[in-house]
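In order, the protein sequences belong to chains A and B. Using the numbering used here, you'd call the opening residue of the first sequence number 1086 and step up by one each time. Using the numbering used here, you'd call the opening residue of the second sequence number 1086 and step up by one each time.
It is possible that part of the hints are untrue.
The list makes no distinction among identical chains, and a pair is therefore deemed to hold if it is satisfied within one copy or across any two copies.
Derived lysine to aspartate or glutamate pairs resembling EDC-like cross-links, with alpha carbons at most 20 Å apart [unchecked claim]: (1) K1111 x E1203; (2) K1283 x E1203; (3) K1111 x E1304; (4) K1323 x E1142; (5) K1206 x D1219; (6) K1283 x D1136; (7) K1206 x D1126; (8) K1109 x D1126; (9) K1174 x D1126; (10) K1297 x D1118; (11) K1283 x E1137; (12) K1283 x D1152; (13) K1283 x E1192; (14) K1111 x D1311; (15) K1283 x D1219; (16) K1109 x D1179; (17) K1111 x E1192; (18) K1323 x E1304; (19) K1283 x D1170; (20) K1297 x D1136; (21) K1206 x D1118; (22) K1283 x D1316.
Hints in this document: simulated from the structure, not taken from any laboratory.
2 protein chains.
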Amino acid sequence: MNDDTIRTAAMLAIGDELLSGRTKDKNIGHLADVLQIAGIDLREVRIVADDEVAIIEAVNTLRNRYDYVFTSGGIGPTHDDITADSMSKAFGVDCIHDPAAMTLLSEMYARRGMEFTEARKRMARMPQGARHIDNPVSTAPGFVVENVFVMAGVPQVFVAMLDNVVATLPAGAQVIARSIPCPFGEGDIGTPLGAIQKAHDNTSIGSYPQFKGDRFFTEIVVRGRDVAAIDAAEADIKAMIETLSRSSEGVGERV
Amino acid sequence: MNDDTIRTAAMLAIGDELLSGRTKDKNIGHLADVLQIAGIDLREVRIVADDEVAIIEAVNTLRNRYDYVFTSGGIGPTHDDITADSMSKAFGVDCIHDPAAMTLLSEMYARRGMEFTEARKRMARMPQGARHIDNPVSTAPGFVVENVFVMAGVPQVFVAMLDNVVATLPAGAQVIARSIPCPFGEGDIGTPLGAIQKAHDNTSIGSYPQFKGDRFFTEIVVRGRDVAAIDAAEADIKAMIETLSRSSEGVGERV
């Protein structure tokens, strides 16, 4: 399925370690890349601690506001993994040892001759009625409740689970992003670029300063879902750069 | 000043490019590191688009909830830099071309023989009454309104501005984090570690799986503000590892 509906999404990254600086998040940027390709608009990201009140408040706000919510973290076997309990409370359902997940995990540990400890059984817990997200890396599944996709925080596992999730989502009209390198700083292009944005309001034009040596250059990015509109905006931007180049004292904006 | 008050903080990272995947944020992790050292608890992070409604809602929520809010992004010279306007609306004050910032910037451009364009003048805009945050990299200041510190998104500038900000904040009691490498996976340690956390409730004990080859190891981190409490928890964790080592089938938890 591929249609023109614009679908929106949020991410909720869960974990004390992201807020203490101990772990530098890698999942947000990966999700952003994957959703861009899938044509789903990532509109907001939140990072919260392993704190039930914070998790419940964030997920309830985000799931009512966006089409999809993707979460990372807090579904392991230890005491600070409270995402399954928090999601159950957010949806007002019991948090259970899911029978199918218990079977998956008990068989996996039996094959390996390892004890299926109480801690390991925690990884089978999820809100009653949740569907699984397969985990090809380490077996313990993520889960889906309504529009919320609950995945692991370990990047290797998050990536694998997200691949499984994205394959199930209807693809939206893809956002095209066209990048135009610009040899001027934002101070030179700000006013004419603002006028170009106004004239092409079915595109979104961003400019990103790049600091190289002692000068700022700019990357201009035109985003949209309509190729003709993007072509038209790009043509105006290139004309602007051409005009500036003729009148310029030189390229790059010194800091 | 250094006292035992626990001060809390949030970060608000602003920018379409963070949500499209085009830019991978580096400022969140840096802020987390700096606040950890300063003894300030980072409790929440949000990333929102260059969207006035989203920025205003987020900053108003966060500034009422935490002692400090640190923002990044959206204070450059182009049309999509709307942070100064959004902050002014959030605080219900006019967004003005700050006279001192106009002087700083006009002198800088005059020294360099560059035109002080309308776009460049945008970088002097801030909520009326805001204090400056010095920008040693590229002159255009960030600003402070009440408990909200508005900084640039370009990492080199964010880092420099944050250094200036942190020097002005009262240092809290520093959080000490002690890391204990553990040769077992979370499935082995989950239950005993949960009991240790319960017995040491003036510390926060986290466990972080590390995936190496085909096995999970764990890093256990004890955090707190009281050295004696951390020592006591650490001793129990080391005893747990010792006990597990004697009874174990081998180290590392296979995936």
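Check your understanding: So which hints don't hold here, by number, going up?
Key -> 1, 4, 7, 9, 10, 12, 13, 14, 15, 16, 17, 20 and 21
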